[in-house]
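Put the complex together from the two separate chains, hints included.
For the record, the sequence lines run as chains X and D. The opening position of the first sequence corresponds to residue 1 in this note's numbering, with each subsequent residue numbered one higher. The opening position of the second sequence corresponds to residue 1 in this note's numbering, with each subsequent residue numbered one higher.
Do not take every clue at face value.
Stated by the list, open to error - Stretch by stretch, here's where chain D covers chain X in the computed footprint (C-beta under 8 Å, at least three residues):
#, segment
1, 198-206
2, 253-263
To be verified - The following residues of chain X were derived to be distant from chain D, with all beta-carbon distances above 10 Å:
#, residue
3, R78
4, P88
5, T116
6, N117
7, A133
8, T139
9, T209
10, A250
Hints in this document: simulated from the structure, not taken from any laboratory. Everything numeric in this text was worked out from a predicted model, so none of it was measured. Glycine residues also receive a C-beta, built at the ideal position from the N, C-alpha and C atoms.
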Amino acid sequence: MKFAHILNELGNTNPETFEKTEGRRSILKSFGSKLALAAVPLAASSVFNKAQAKTTDILAEAIVFALGISYMQAAYIREGLAATGLIPADAQGDFQKMLDQKDKHIAFWIYYLTKTNNTVPTVPTYDFKAKNALPDVFTNYATYLTLAHALEDVGVRMYQTSIKNLLTNKAFRSDAVNIMTTIARHAAHVRLLRRNLGGTDIMPWITGTNAYSIVGEIQKAYQGEDNTKQSNSNAEGVNGFAISFDAATAAFDEPMGVADANAFMSKFIKP
Amino acid sequence: MKDIMKQGAETTENGGVSRRKFLNYAGALAGAGLLIASCSKDPDPVPSTGDALNLGSNDEGLLNYAYLLQQLEAAFYTEALKRKFVGMTNTEIGIFTAIRDQELAHREILKNHLGTAAIPTLETDFSSIDFNEKNSVYAKAKQFEEMAVAGLNGICKLLIAVEHLTLLSKITAVDARHSSLINDFVYFGSFSEKADTNGMEVPQDPQSSLDVTRKFFKREISGIYLPKY
Numbered sequence: 001m002k003f004a005h006i007l008n009e010l011g012n013t014n015p016e017t018f019e020k021t022e023g024r025r026s027i028l029k030s031f032g033s034k035l036a037l038a039a040v041p042l043a044a045s046s047v048f049n050k051a052q053a054k055t056t057d058i059l060a061e062a063i064v065f066a067l068g069i070s071y072m073q074a075a076y077i078r079e080g081l082a083a084t085g086l087i088p089a090d091a092q093g094d095f096q097k098m099l100d101q102k103d104k105h106i107a108f109w110i111y112y113l114t115k116t117n118n119t120v121p122t123v124p125t126y127d128f129k130a131k132n133a134l135p136d137v138f139t140n141y142a143t144y145l146t147l148a149h150a151l152e153d154v155g156v157r158m159y160q161t162s163i164k165n166l167l168t169n170k171a172f173r174s175d176a177v178n179i180m181t182t183i184a185r186h187a188a189h190v191r192l193l194r195r196n197l198g199g200t201d202i203m204p205w206i207t208g209t210n211a212y213s214i215v216g217e218i219q220k221a222y223q224g225e226d227n228t229k230q231s232n233s234n235a236e237g238v239n240g241f242a243i244s245f246d247a248a249t250a251a252f253d254e255p256m257g258v259a260d261a262n263a264f265m266s267k268f269i270k271p
Numbered sequence: 001m002k003d004i005m006k007q008g009a010e011t012t013e014n015g016g017v018s019r020r021k022f023l024n025y026a027g028a029l030a031g032a033g034l035l036i037a038s039c040s041k042d043p044d045p046v047p048s049t050g051d052a053l054n055l056g057s058n059d060e061g062l063l064n065y066a067y068l069l070q071q072l073e074a075a076f077y078t079e080a081l082k083r084k085f086v087g088m089t090n091t092e093i094g095i096f097t098a099i100r101d102q103e104l105a106h107r108e109i110l111k112n113h114l115g116t117a118a119i120p121t122l123e124t125d126f127s128s129i130d131f132n133e134k135n136s137v138y139a140k141a142k143q144f145e146e147m148a149v150a151g152l153n154g155i156c157k158l159l160i161a162v163e164h165l166t167l168l169s170k171i172t173a174v175d176a177r178h179s180s181l182i183n184d185f186v187y188f189g190s191f192s193e194k195a196d197t198n199g200m201e202v203p204q205d206p207q208s209s210l211d212v213t214r215k216f217f218k219r220e221i222s223g224i225y226l227p228k229y
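Bound-form chain D, shown alone (with noise of 0.2 Å):
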């Protein structure tokens, strides 16, 4: 178990992800947005999302936007769990699985917290995962852990409520706690490689967060109404 636990997984960075990019609209945009933001709800906003699924406005927006995220991690733990890539140790299962349930923890608990204003589950899209490949499995672990806390700490920046960013910082925090791991699997001492130089983890807007986010779930989802840094 010690010798799994330092084990090396091998895996490369998935380097495609660009946290600066943004959404070309969401600057043309922005107005409109500021307009929404004085309703709760929009059961009729103008310009309309389309098909696309609306996570709303305001701090309802922003949790709807954390639940996405956890619906996706929760989501990729469980297949992961389903598949078991090749070679698959006890520990590996074991710590797979004490994810997953926490991510599923999050994931209901944001669902709860929103009642009648969570979107629904999702169906997601991992067909750019090979959950039988080992390095597969981890390099996108690494980046869904990475990529949850930098949506989530951007997030806490924009919450107005107190009891949201409270509930949101207990579920950052852990979050961070996977991803160190799943950094230090991947390469034992990684664990807090891409702080700033404020020692600081690099928080991510919600706009360009959603851009990557979006891209593993089959429906099209729209965040025009997400409040922006």
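Bound-form chain X, shown alone (with noise of 0.2 Å):
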């Protein structure tokens, strides 16, 4: 995907809903402060941000992280579409409605990015095969289905950690909630499509650190998946209840920290 395409897309939308919310503009710009940068170490990824490593600002920062799993989902799902004979006739409309989602949660960030003079980061070039890990992701519908629910995956968790640093703004905190719910229901209906093509029992969600993949690149986005602890218990066999090692991984989403988003994200990011 290139980036005037990202712009062509922002006309699609209204940005007068992008004001619905008060109160991001002004916060962002006083969070603009090398102080808060060193209190949260989420520094952007030079990987897929290069032109952002300047960024001091810690609420910019999350949202340039956010971006880059978001940007890539879009770019991995308009690629999927535009493969002939790849994504089923009946599947198409799912993937398109998924992909105008994702447009919108880019252009909504570019929107306030661009507002707040912050440095919108240029769209990377993708190798979504990973060096030839995965030849045929863009000819066989059941290896796209499988990196499509890690990046989908993935982006539950990234989002989760820009929420975490999103802490101080009310507004751009409740937007990447908001977002990562939605993502959290693509990420679940892409995996029912893995499942309805048959040959795996993969549920909607994340069970221990299974990525339905022998390739390394995808386990990657799995990382730290097999939690059981949540606050101050573990949720295997909680307060006496049958929870198994299944369940107590599957109800919790655990967020992705930088180095393991960089890691994963790397293998298919053009250097």
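This is the structure in structure tokens:
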């Protein structure tokens, strides 16, 4: 996907709706301090955003981090829809719906980054075959769905990190939460599509670190998803209830930090 | 199995839920709520919530409301599996069981997280649900999951402490997965049909959310001290 395309998508949205909640712009600006950056080490990744290294606005960085995976998700679906014979006719509408919503997420964040004089990151050039680790990603629908749910699951997880880092701004934090649950809906649907294709018992939620793939590049999406400790308890068998390891891990999506996110995304980005 | 997962449950959506409806007294008591907000515990709050269960104020109240939502969901799937609607397939039993266990995990983790501040387990009122009837069960599953995600997202907007926010984002993400699946069961492809013009989930403020949630509990529940948008 070229950057120009996203700008075109901007034309399809109504910027007035972005203004529905007060307080985003002023607060975003007031947080441009180096102090905040030092306190919460969410440095923008050099992998997907070289130009952003000088950013000192912690809120803007949290948004840029989220944008990184939204860019990637949209590019992947766009490329999938363009691949002749890949996505069956009865599923194309579903992917188009998801793409439309992702383009809106992207347009929303770009609008606010621009409005607050922050640099909008450029869209990287992607290599979804990951140096031929996934040679049939655009010719084999099952492979396509497997990377698709990995990207959606990583999206949920990366947005959780952004939500944490947007704590000080109620409006942006709320936006990130509301985008995250939309991505979780996409993730569940893609997993259902994969299940309906047969040959796997994949469920709409993440179970342990199961990637449903032997490809290491995809497995990186699930690092840390086997966590069962939540708050002050172990969710497995919590309070004497028969909660299995699978249920305990499935019940909670885990935030993905910068290092793990970059380790995953870098495999699909051309240097 | 493949066919069943694709099959629509042909339920009709419950159109009776008004997300914009606020409690009449919410505005009038907003000042009182702010006053109380500085106390972490209010053993004898003024005005009194009478016999109604008081969810509390601040993050504690918000977490209790999240706990209430998870109580509702866990109780619903537990009952649905006990009663099993006519024609419930093994796949459906498997799915409902998995969701029930995840809701139980949410409920118990929130209970432990709240510690002594947790509200008691409240008795549900499912008299409006015909558990023998597939459409009735799916319609309520759809409503409860959508309600939970919208309610939890509203709570996430208001929480102060980052550890509470982190825990609830982990939970609402998975409830959104449940909601996506139930929606797809009801009408395949409707996984994110309620997103707004920005492709975002539409959150619900605790006051109007509770207005619907309370209908499914026998005891009166008061959220007058909950933080407001």
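Subject >> Least C-beta distance between T139 (chain X) and chain D, which was stated to exceed 10 Å >> reply: Per Cβ check, T139 (chain X) is outside 10 Å of chain D; nearest 22 Å; holds.
**OP:** Decide, holds or violated, for the assertion that all CB atoms of chain D are farther than 10 Å from the CB of A250 (chain X).
**Re:** 6 Å, violated
**OP:** Examine the segment 253-263 of chain X: at least three residues should have C-beta closer than 8 Å to a C-beta of chain D.
**Re:** holds (count 3)
Subject >> Nearest-CB test (10 Å) between chain D and R78 (chain X) >> reply: 15 Å, holds
Original post:
Counting residues of the segment 198-206 of chain X whose CB is closer than 8 Å to a CB in chain D, do you get three or more?
Top reply: holds (count 4)
**OP:** Could you let me know if the closest chain D CB is still more than 10 Å away from the CB of P88 (chain X)?
**Re:** About 12 Å separates P88 (chain X) from the closest Cβ of chain D, which puts it past 10 Å; holds.
Subject >> Beyond 10 Å from each Cβ of chain D, as asserted for T116 (chain X) >> reply: 17 Å, holds
Subject >> Given as non-interface: T209 (chain X), which should sit over 10 Å from chain D by C-beta >> reply: 16 Å, holds
Subject >> Beyond 10 Å from each Cβ of chain D, as asserted for A133 (chain X) >> reply: 27 Å, holds
Original post:
Are all C-beta atoms of chain D more than 10 Å from that of N117 (chain X)?
Top reply: 21 Å, holds
Hint check: a violation occurs at hint 10 only; the rest are consistent with the structure.
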